[in-house]
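Peer 1: Here's the letter readout for the chains.
Number of protein chains: 2
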Amino acid sequence: MFSKEVYSARRKALLGLMAEKGAKGLAIFVGNGESAQNYPDNCYKFRQDSSFLYFWGIDEPYWAATLDLETGQETLYADDVDIDDIIWMGPQESVASKALGAGVSATASYSDFDKAVSSARASERDIHFLPASRYFNAVKIASLLSLDPRRLFSEGKKGCPLASEALVRSVISLRLVKDEQEIALIDRACNLGYKMHETARKGIRPGVCEQEIVGRMEGVTLSEGWGTSFATILTQHGEIFHCHSHEALIEPGRLLVVDAGAESNDHYASDHTRTYPTSGKFTTRQREIYQIVCDCNELAFRLTAPGVRYRDVHLAVARHMLDCLSGLGLVRGDVGEMVAAGVAGLFMPHGLGHNMGMDVHDMEDFGENLVGYDDDQTRSAQLGLGSLRMARTLVPGNVVTDEPGIYFIPDLIESWKRDGIAKDFVNYSKLGEYYGFGGIRLEDDVLVTSDGARRLGDRRLPISPDEVESAMKED
Amino acid sequence: MFSKEVYSARRKALLGLMAEKGAKGLAIFVGNGESAQNYPDNCYKFRQDSSFLYFWGIDEPYWAATLDLETGQETLYADDVDIDDIIWMGPQESVASKALGAGVSATASYSDFDKAVSSARASERDIHFLPASRYFNAVKIASLLSLDPRRLFSEGKKGCPLASEALVRSVISLRLVKDEQEIALIDRACNLGYKMHETARKGIRPGVCEQEIVGRMEGVTLSEGWGTSFATILTQHGEIFHCHSHEALIEPGRLLVVDAGAESNDHYASDHTRTYPTSGKFTTRQREIYQIVCDCNELAFRLTAPGVRYRDVHLAVARHMLDCLSGLGLVRGDVGEMVAAGVAGLFMPHGLGHNMGMDVHDMEDFGENLVGYDDDQTRSAQLGLGSLRMARTLVPGNVVTDEPGIYFIPDLIESWKRDGIAKDFVNYSKLGEYYGFGGIRLEDDVLVTSDGARRLGDRRLPISPDEVESAMKED
Numbered sequence: 001m002f003s004k005e006v007y008s009a010r011r012k013a014l015l016g017l018m019a020e021k022g023a024k025g026l027a028i029f030v031g032n033g034e035s036a037q038n039y040p041d042n043c044y045k046f047r048q049d050s051s052f053l054y055f056w057g058i059d060e061p062y063w064a065a066t067l068d069l070e071t072g073q074e075t076l077y078a079d080d081v082d083i084d085d086i087i088w089m090g091p092q093e094s095v096a097s098k099a100l101g102a103g104v105s106a107t108a109s110y111s112d113f114d115k116a117v118s119s120a121r122a123s124e125r126d127i128h129f130l131p132a133s134r135y136f137n138a139v140k141i142a143s144l145l146s147l148d149p150r151r152l153f154s155e156g157k158k159g160c161p162l163a164s165e166a167l168v169r170s171v172i173s174l175r176l177v178k179d180e181q182e183i184a185l186i187d188r189a190c191n192l193g194y195k196m197h198e199t200a201r202k203g204i205r206p207g208v209c210e211q212e213i214v215g216r217m218e219g220v221t222l223s224e225g226w227g228t229s230f231a232t233i234l235t236q237h238g239e240i241f242h243c244h245s246h247e248a249l250i251e252p253g254r255l256l257v258v259d260a261g262a263e264s265n266d267h268y269a270s271d272h273t274r275t276y277p278t279s280g281k282f283t284t285r286q287r288e289i290y291q292i293v294c295d296c297n298e299l300a301f302r303l304t305a306p307g308v309r310y311r312d313v314h315l316a317v318a319r320h321m322l323d324c325l326s327g328l329g330l331v332r333g334d335v336g337e338m339v340a341a342g343v344a345g346l347f348m349p350h351g352l353g354h355n356m357g358m359d360v361h362d363m364e365d366f367g368e369n370l371v372g373y374d375d376d377q378t379r380s381a382q383l384g385l386g387s388l389r390m391a392r393t394l395v396p397g398n399v400v401t402d403e404p405g406i407y408f409i410p411d412l413i414e415s416w417k418r419d420g421i422a423k424d425f426v427n428y429s430k431l432g433e434y435y436g437f438g439g440i441r442l443e444d445d446v447l448v449t450s451d452g453a454r455r456l457g458d459r460r461l462p463i464s465p466d467e468v469e470s471a472m473k474e475d
Numbered sequence: 001m002f003s004k005e006v007y008s009a010r011r012k013a014l015l016g017l018m019a020e021k022g023a024k025g026l027a028i029f030v031g032n033g034e035s036a037q038n039y040p041d042n043c044y045k046f047r048q049d050s051s052f053l054y055f056w057g058i059d060e061p062y063w064a065a066t067l068d069l070e071t072g073q074e075t076l077y078a079d080d081v082d083i084d085d086i087i088w089m090g091p092q093e094s095v096a097s098k099a100l101g102a103g104v105s106a107t108a109s110y111s112d113f114d115k116a117v118s119s120a121r122a123s124e125r126d127i128h129f130l131p132a133s134r135y136f137n138a139v140k141i142a143s144l145l146s147l148d149p150r151r152l153f154s155e156g157k158k159g160c161p162l163a164s165e166a167l168v169r170s171v172i173s174l175r176l177v178k179d180e181q182e183i184a185l186i187d188r189a190c191n192l193g194y195k196m197h198e199t200a201r202k203g204i205r206p207g208v209c210e211q212e213i214v215g216r217m218e219g220v221t222l223s224e225g226w227g228t229s230f231a232t233i234l235t236q237h238g239e240i241f242h243c244h245s246h247e248a249l250i251e252p253g254r255l256l257v258v259d260a261g262a263e264s265n266d267h268y269a270s271d272h273t274r275t276y277p278t279s280g281k282f283t284t285r286q287r288e289i290y291q292i293v294c295d296c297n298e299l300a301f302r303l304t305a306p307g308v309r310y311r312d313v314h315l316a317v318a319r320h321m322l323d324c325l326s327g328l329g330l331v332r333g334d335v336g337e338m339v340a341a342g343v344a345g346l347f348m349p350h351g352l353g354h355n356m357g358m359d360v361h362d363m364e365d366f367g368e369n370l371v372g373y374d375d376d377q378t379r380s381a382q383l384g385l386g387s388l389r390m391a392r393t394l395v396p397g398n399v400v401t402d403e404p405g406i407y408f409i410p411d412l413i414e415s416w417k418r419d420g421i422a423k424d425f426v427n428y429s430k431l432g433e434y435y436g437f438g439g440i441r442l443e444d445d446v447l448v449t450s451d452g453a454r455r456l457g458d459r460r461l462p463i464s465p466d467e468v469e470s471a472m473k474e475d
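Same order as they appear, the protein sequences are chains V and B.
Under the numbering used here, residues 1 to 475 are what the first sequence spells out, in order.
Under the numbering used here, residues 1 to 475 are what the second sequence spells out, in order.
Rather than coming from a laboratory, the hints here were simulated on the basis of the structure.
Misleading hints may appear alongside valid ones.
Remember, identical chains collapse to one label, so a pair may be satisfied in a single copy or spanning two.
Unchecked claim - Keeping only pairs whose Cα atoms sit at most 30 angstroms apart, straight-line, the calculated DSSO-like set for lysine-lysine is:
| hint | residue 1 | residue 2 |
| --- | --- | --- |
| 1 | Lys115 | Lys21 |
| 2 | Lys157 | Lys115 |
| 3 | Lys45 | Lys195 |
| 4 | Lys157 | Lys45 |
Pulled out of the complex, with its shape left as it was, chain V reads as follows:
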């Protein structure tokens, strides 16, 4: 994917950051193994660990690497194939040759990795590892270091206490800032995401099964890319965030939320959301709410720039949203007080966006707080703002999503109403009229540039109500 000089430079930068933190010993990297679909020999499509790809560039199962923080020695571990393997897998490039492509001249067998770690452990050297992304890696590290594999994953937002915080922080500071070549690859992933969404939009017609559309759009990503960057959300229940059921038939007059992304063959992600009126035309009420979300998306984009905290962009969006909802009579009172009280969370119980790169939620296996928050930032406990995954001060090269939404979630509204939450601000009786509404979310992928921001991908998916209706008419 990248030249060997790029991988070498990344590892050199990592060594520098670790040295700044006074870290010594051995940094270890366990690449992914195959992941069983229904039995160990029948696997899901192979996906390498993102940090392994970033530093070592090897996109194959059963590789590992060590980086000696004191000597700078870099070693890749994997097994060459024998004649039996050649029959099944065809002639293969040697491990040594693949390693050279990543700028690494020292290689050893896969089992030598275990020996290298055991030997470092026996010499009481520090062993730095990242939180596990999968059980495979957890079991491997746990067996080498005599730990419980279940404790090697991040514990929710706060990360994994057993992993090396120095290594985690160093990797985050490198991967959070994308270079030009990475940005070009994300642009390409977004172009594939565009095609995927266009395919979806053209398939929307009352009577069609949601799954049929999902299959067709995922086929597009598989034809040109690795697959989807996350499980496609395509639902007329936009108010249910993790609705992965696609059994329903498209009904007229509804709103269809399509939140989907492609992962390119180079393993960079796209992530876009559009919301469509299933009949091709918004109703007046749908258009009113849609326009608010659309304006919030635009506002966030305009505010996104180096030096700005993304938390403040989230709050500006919350303010604008409440201001508009006030105009519709759904909330009332001082907007500043409503923002402070977290009233926006009733309508948008998620954050404005997240980091994106090789992972659609970039590096989230490290723990959301370390990835998305500056050291002086404390995560809010409020609904919505508390779910914000990216709060940091933006720097050029950051890639974030801009994804405001408004949802009417009957269970949530009823729960707030019952508990008297924000009862002075929220017009609960009027909200009752919106119970069958569903939800709207509009999401773009945004690069922070030297003087502002740029939406990624060559073309932007239709987004204004008029653009959407006109695109659906042409489809």
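Got chain V sorted already, so can you dock chain B onto it with the hints?
Peer 2: Quick look at chain B alone, frame taken from chain V:
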């Protein structure tokens, strides 16, 4: 999927089989968790453990079950959702209600499963479990029983020594024989597989990238089914069995092997292989070899019947293949002696077929020998026959694949030639002319009926050379 009576009957049958074997104690079943794609919260499409689906019918992550072999008590363990979950996942049916759908009236929390197993262990009761299909299940069982998770998988063909052989054998004897409803579901999966293959065939044109065809055909399976039943093989290097690279452009005059299957939304598999001339017409040499494979496929189908050992069908195919290759001057000598010497393995280094059901290689996580061999059968060490996954005496309700193939694998041929293997039988100098040929495989899914066999699916994919050429002309 099935009625609660079906699930209850399956568990009752399992209890009966375990009692016959004198097994006591507690049988435990760990359903699958989510499986991380690139980080724990970004998962591959959920696939339940097949045996869990078979006995308990629950197609959701993080369920477990116990079956008391002495009292017959059946319990399902899972957690109901709270208000936070409802916001993200929408209102959910209760655990108790889902369990009733599988005919189970006793439910408890997911953590109660751990308690039930620990308590049985404390009382020194036997705990019966199946080999792990994934690391998730391995880690869970290992932690409950203080075992090394890596030892809970089958060790190659012989199974997992720590798992319960009584349970494994009982489950195999049930799942190997499909009932009418299962057969109807496999027919439907095969119909979806038909569409998938038809889509592939229509896409074959010189200059097209293999990945483009793969994506389009996989889109078909996702539109109507769960996805692919295994990683699609679509390659002009048919001689490389596990070629999962799809970067090449279709070249004229080549052979394209398409080995692909669909998994239905009910989680039954299809598995078909066809081999196409990339230019739409076979060359004379291609047609000669193709016709042999096609005849072998037909021969195997005609021989498939209750009471017949599938190992013998494999050997009959080997005999016919060598007889035909002898006619082409590629081998020479007594056909019986060649079969006995394993010469067929040079051309077909795999078995004739395997069991198929919910898993495309049904139950292969239990170890191939227990699944595919009768107790009085010993697995051959020969190339080809030694890879035969299904050797058993056939009974009505068995579903097997019929997939002969002929490949010219330069590395393998050179290795035999160098070692002087079968030098009296093989015409190595003539074989040299076939080094760029590639390979041909033709595969159908076959049900063993009361008096013979039936190919599954409503329609058979074009298979004779004329049928294939004429279908490609129409495409």
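Peer 1: Against each hint, give a clear statement of whether it holds in the structure.
Peer 2: Hint check:
Taking the closest pair of Cα atoms, Lys115 and Lys21 come within 30 angstroms of each other only inside a single copy of the chain (27 angstroms); across copies the shortest separation is 44 angstroms, beyond that limit. Taking the shortest alpha-carbon separations for Lys157 and Lys115, only the inter-copy value of 28 angstroms comes in at or below 30 angstroms, while the best intra-copy value is 33 angstroms. In this homomeric assembly, Lys45 and Lys195 come within 30 angstroms of each other (Cα to Cα) both inside a single copy, at 22 angstroms, and across copies, at 22 angstroms. Taking the shortest Cα distances, Lys157 and Lys45 sit within 30 angstroms of each other both inside one copy (28 angstroms) and across copies (23 angstroms).
Checked against the numbered hints given earlier, the structure satisfies every one of them.
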